[in-house]
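Novice: Sequence:
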Amino acid sequence: MSWSSWFGGGSSGGSDKPASSDAYNDTSSFQYETVPSIGSSSSYGSSSGGTAEFQQQVQQQMLVAELQRRIGQLSGLCWEKCMTAYPKYSISSREENCVTNCAERYLDVSSLIAEGLAKKFEAS
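The sequence shown maps to residues 1 to 124 in full-length UniProt numbering.
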């Protein structure tokens, strides 16, 4: 099998051809379910304690998702800035230091901005 056939560069003529992306876009058999709003009573608990617990879990999952998104974004930014070529086996110590310093600077600046915004919010 040729790698180029996997990435649209050609076909090897056999059944090695990957499935069409249209197969993944077919939503005709997908069934949508309604999601209850956070403030409404639902099967998650009719008491206010169950709803509050559910809200807390949802907020926690949203924070985790946001953190993962930001880590991925930071990794991409620092990778593009520091990597000169795709490493075959490992990255050099210079590249490792560059990525570390880039991430630390980004986090420091983010903290300073957050502190400044908090002070500005408290003052108003």
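Mixed in with the good hints, there may be bad ones.
Label-pair distances were calculated between CB atoms; the ranges are [stated by the list, open to error]:
| # | residue 1 | residue 2 | range |
| --- | --- | --- | --- |
| 1 | Phe54 | Trp79 | 45 to 51 Å |
| 2 | Ala123 | Tyr89 | 32 to 38 Å |
| 3 | Glu96 | Glu53 | 38 to 44 Å |
| 4 | Met83 | Ala123 | 37 to 43 Å |
| 5 | Trp79 | Gln56 | 30 to 36 Å |
| 6 | Ser75 | Ser124 | 31 to 37 Å |
| 7 | Leu63 | Met83 | 17 to 23 Å |
| 8 | Leu112 | Glu66 | 44 to 50 Å |
No lab work stands behind these hints, which were simulated from the structure alone.
Here the structure is a predicted model, which means the values were calculated and not measured.
Virtual Cβ for every residue (Gly too), placed ideally from N, Cα, C.
Novice: For the range 17 to 23 Å, tell me whether the beta carbons of Leu63 and Met83 fit it or not.
Specialist: violated, 30 Å
Novice: Is the hinted range of 45 to 51 Å satisfied by the C-beta distance from Phe54 to Trp79?
Specialist: violated, 37 Å
Novice: Using the Cβ atoms, figure out if Glu96 sits within 38 to 44 Å of Glu53.
Specialist: holds, 43 Å
Novice: Quick one: are Ala123 and Tyr89 within 32 to 38 Å, going by C-beta?
Specialist: violated, 53 Å
Novice: Between the beta carbons of Trp79 and Gln56, is the distance compatible with 30 to 36 Å?
Specialist: holds, 35 Å
Novice: Is 31 to 37 Å right for how far apart the beta carbons of Ser75 and Ser124 are?
Specialist: holds, 35 Å
Novice: Given the hint of 37 to 43 Å, is the C-beta distance from Met83 to Ala123 inside that range or not?
Specialist: The hinted range 37 to 43 Å holds for Met83 and Ala123, with Cβ atoms some 42 Å apart.
Novice: Do the beta carbons of Leu112 and Glu66 sit within 44 to 50 Å of each other?
Specialist: violated, 20 Å
Hint compliance for this structure: hints 1, 2, 7, 8 are broken, all remaining hints hold.
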